[in-house]
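Chemist: Start from the sequences, fold in the hints, and give me the full structure.
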Amino acid sequence: MKIEKNGNQLIFFFEGEMDHHQISLLKDICVEAIEKTHPEKVILDFKHVSFVDSTGIGFVLARYKQLNAYRGELTLRNLSHHQHALFAMSGLFQLVREEGEAYE
Amino acid sequence: MNKMSCKFKSRAENEAFARTIALSFLMPLNAAAEEMMEIRTLVSEGVTNAIIHGYEGNREKMVKLEIGYDDHGLITIIITDKGKGISDIDQALEPLYTSKKSSERSGMGMTIMQTFSDSFDIISAENEGCTIVIQKQLHVNLSAAE
Numbered sequence: 001m002k003i004e005k006n007g008n009q010l011i012f013f014f015e016g017e018m019d020h021h022q023i024s025l026l027k028d029i030c031v032e033a034i035e036k037t038h039p040e041k042v043i044l045d046f047k048h049v050s051f052v053d054s055t056g057i058g059f060v061l062a063r064y065k066q067l068n069a070y071r072g073e074l075t076l077r078n079l080s081h082h083q084h085a086l087f088a089m090s091g092l093f094q095l096v097r098e099e100g101e102a103y104e
Numbered sequence: 001m002n003k004m005s006c007k008f009k010s011r012a013e014n015e016a017f018a019r020t021i022a023l024s025f026l027m028p029l030n031a032a033a034e035e036m037m038e039i040r041t042l043v044s045e046g047v048t049n050a051i052i053h054g055y056e057g058n059r060e061k062m063v064k065l066e067i068g069y070d071d072h073g074l075i076t077i078i079i080t081d082k083g084k085g086i087s088d089i090d091q092a093l094e095p096l097y098t099s100k101k102s103s104e105r106s107g108m109g110m111t112i113m114q115t116f117s118d119s120f121d122i123i124s125a126e127n128e129g130c131t132i133v134i135q136k137q138l139h140v141n142l143s144a145a146e
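Same order as they appear, the protein sequences are chains A and B. Residue 69 in my numbering sits at position 69 of the first sequence; the count goes up by one each step and never skips. Residue 102 in my numbering sits at position 102 of the second sequence; the count goes up by one each step and never skips.
No lab work stands behind these hints: they were computed from the structure. Check before you lean on any hint, since a few could be wrong.
[Claimed, not checked] Derived DSS-like pairs: lysine-lysine, alpha-carbon spacing no greater than 25 Å straight-line:
#, chain 1, residue 1, chain 2, residue 2
1, A, LYS27, B, LYS82
2, A, LYS47, A, LYS5
3, A, LYS27, A, LYS47
4, A, LYS41, A, LYS65
5, B, LYS64, B, LYS3
6, A, LYS27, A, LYS65
7, B, LYS82, B, LYS3
8, A, LYS27, B, LYS7
9, B, LYS7, B, LYS101
10, B, LYS100, B, LYS3
11, B, LYS101, B, LYS84
12, A, LYS65, B, LYS100
13, B, LYS7, B, LYS64
14, A, LYS65, B, LYS101
15, B, LYS101, A, LYS27
Modeler: Here you go:
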């Protein structure tokens, strides 16, 4: 995972398989990075993510809650078709924005 | 019918292992990429359920994964744990229901398994473990008959 700070926005570039195991390894880093700077906008970039399951939904919803507590905004970027369909099942696009090549 | 069976410890790092062996075993079926992605997700959700819910983080228990397919591209996946089981299966199947509210679980695992499968059954009772039986029919099936 790579984290990029760009003014008032924080971008997380995830990679590989984002399952329960991988998320348990990077969750605390993400929570802290957001907590430290309270960015206005957080972008989660899935361009290099080859796998995601319901643990990813839980992770995204938890980050939404974390940001919403101080009126920060969450965006998912570069989801594949499959990832979009999976996330859509939970209704989370009513809460978080999406941007990227496939769904502009 | 071709079949495989394996057991591995209830450790989160074995979730990737379970997906990988499922993928390898089903390689001869030449399934479409989208269907293989759904199968990886089915295996991942079932195994993660066994590890997190069934064994509640105990890393020393065993999870069993069985996969079979017939000449018509019908795949059967069975995931078994001997953990705490599910006392109320109807509740567990409700979208967004989770018994682990504090740990960022979405409660979508069961819904995803139902959505990506053609048949989905849970055999479980409190303290009697859990067996998830999933069937999925492949739609493009070029070489299963060989």
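Chemist: A separate judgement is required for each hint: does it hold in the structure or not?
Modeler: Against the structure, the hints:
Proposed proximity of LYS27(A) and LYS82(B) is contradicted: the alpha carbons are some 29 Å apart, above 25 Å. With a C-alpha separation of about 18 Å, the suggested pairing of LYS47(A) with LYS5(A) holds against the 25 Å cut-off. About 18 Å separates the Cα atoms of LYS27(A) and LYS47(A), which keeps this hinted pair within 25 Å; it holds. Of the pairs offered as hints, the one joining LYS41(A) and LYS65(A) holds, with about 13 Å between alpha carbons and a cut-off of 25 Å not exceeded.
For the hint linking LYS64(B) to LYS3(B), the alpha-carbon distance of about 13 Å falls within 25 Å, and the restraint holds. Between LYS27(A) and LYS65(A), the direct Cα distance comes to roughly 14 Å. Compliance with the 25 Å bound is thereby established for this hinted pair. For the proposed pair LYS82(B) and LYS3(B), the alpha carbon gap of about 22 Å is at most 25 Å, so the pair holds. With a C-alpha separation of about 28 Å, the suggested pair LYS27(A) and LYS7(B) falls outside the 25 Å cut-off, and the hint is violated.
Between LYS7(B) and LYS101(B) the CA atoms are separated by roughly 29 Å; this puts the pair beyond 25 Å, and the hint is violated. The suggested pairing of LYS100(B) with LYS3(B) is violated, with an alpha-carbon distance near 34 Å, which exceeds 25 Å. Note on LYS101(B) and LYS84(B): the hinted pairing holds, with a Cα-Cα distance of about 17 Å set against a maximum of 25 Å. The hinted pair formed by LYS65(A) and LYS100(B) meets the criterion: a straight-line CA distance of about 16 Å does not exceed 25 Å.
Of the pairs offered as hints, the one joining LYS7(B) and LYS64(B) holds, with about 4 Å between alpha carbons and a cut-off of 25 Å not exceeded. Between LYS65(A) and LYS101(B) the alpha-carbon distance is near 13 Å, which keeps this suggested pair within the 25 Å criterion. Distance check on the hinted pair: LYS101(B) and LYS27(A) sit about 16 Å apart at the alpha-carbon level, within 25 Å; holds.
When each numbered hint is compared with the structure, violations occur for hints 1, 8, 9, 10.
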